[in-house]
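Enquirer: Place chain X on chain W using the hints.
Protein chains in written order, with the numbering used here: chain W, 1 to 109; chain X, 1 to 111.
Take the hints with a grain of salt, since some may be wrong.
Stated by the list, open to error - Below, a sample of chain X positions facing chain W; criterion: calculated Cβ distance under 7 Å:
no.	residue
1	41
2	42
3	43
4	48
5	56
6	96
7	105
Bear in mind the hints are in silico, worked out from the structure with no lab data behind them.
Even glycine gets a Cβ: it sits at the ideal position worked out from N, Cα and C.
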Amino acid sequence: GIQVEQSPPDLILQEGANSTLRCNFSDSVNNLQWFHQNPWGQLINLFYIPSGTKQNGRLSATTVATERYSLLYISSSQTTDSGVYFCAVSTDSWGKFQFGAGTQVVVTP
Amino acid sequence: KAGVTQTPRYLIKTRGQQVTLSCSPISGHRSVSWYQQTPGQGLQFLFEYFSETQRNKGNFPGRFSGRQFSNSRSEMNVSTLELGDSALYLCASSQSGTPLHFGNGTRLTVT
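Isolated chain W, as found in the complex (with noise of 0.2 Å):
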């Protein structure tokens, strides 16, 4: 099956720091999810982006299929940031995503 590699595994970043995870995978896919999981287990959909560059507040992705690589980018972190932020790729166009093992980020004061 499809693999999907994030990096770094863990960041550990002063408020308002910027930062750059990374998503890698290795086959083409049609679907790609950046999430992230608070503290209570809760999974909150930040980009749906197959391609393409999007921006959302302080958040942004940019995925670049052809290079089966996507970029999430956090400007001027806060601790509400806190948690650990999922790529998730598909191959088709429904519900079966394979995540990958996730950047655990701690923004401190």
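Expert: Chain X in isolation, oriented as in the chain W frame:
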């Protein structure tokens, strides 16, 4: 619009018992997927249902099963529980080509 609703939030069961988890999708979403999250294996796909039919199945033993009703609500069942089945079980709903939306999950502890 109401989000994906999963019940119960927490469950404690004993080895050998069976358990049923419920998921109500976002109104209008016909696809319901189930995922298992454990510290060791991460997030793993269990199965997906669409219009009461299983569309996809992950690599889990037959003790894990599911079904979907005509109103798109879904249930998953785990029989003969093992300690390793302790996990956060997440349900997601979607439509074709739209983002997955997850519920808050059911945390199952098997003792």
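Enquirer: Indicate, hint by hint, whether the structure satisfies it.
Expert: Hints, one by one, checked against the model:
With a least beta-carbon distance of about 10 Å to chain W, the hint placing residue 41 of chain X at the interface is violated under the 7 Å criterion. Hint on residue 42 of chain X holds. Least Cβ distance to chain W is approximately 5 Å, under the 7 Å limit. Checking residue 43 of chain X against chain W by beta carbon gives a least distance of about 4 Å; that is within 7 Å, so the hint holds. For the restraint placing residue 48 of chain X at the interface with chain W, the shortest Cβ-Cβ distance is roughly 4 Å, inside the 7 Å limit, so the hint holds.
With its C-beta approaching chain W no nearer than about 4 Å, residue 56 of chain X sits inside the 7 Å limit, and its interface hint holds. For the restraint placing residue 96 of chain X at the interface with chain W, the shortest Cβ-Cβ distance is roughly 5 Å, inside the 7 Å limit, so the hint holds. The closest approach between the C-beta of residue 105 of chain X and any C-beta of chain W is roughly 5 Å, which is under the 7 Å cut-off, so the hint is satisfied.
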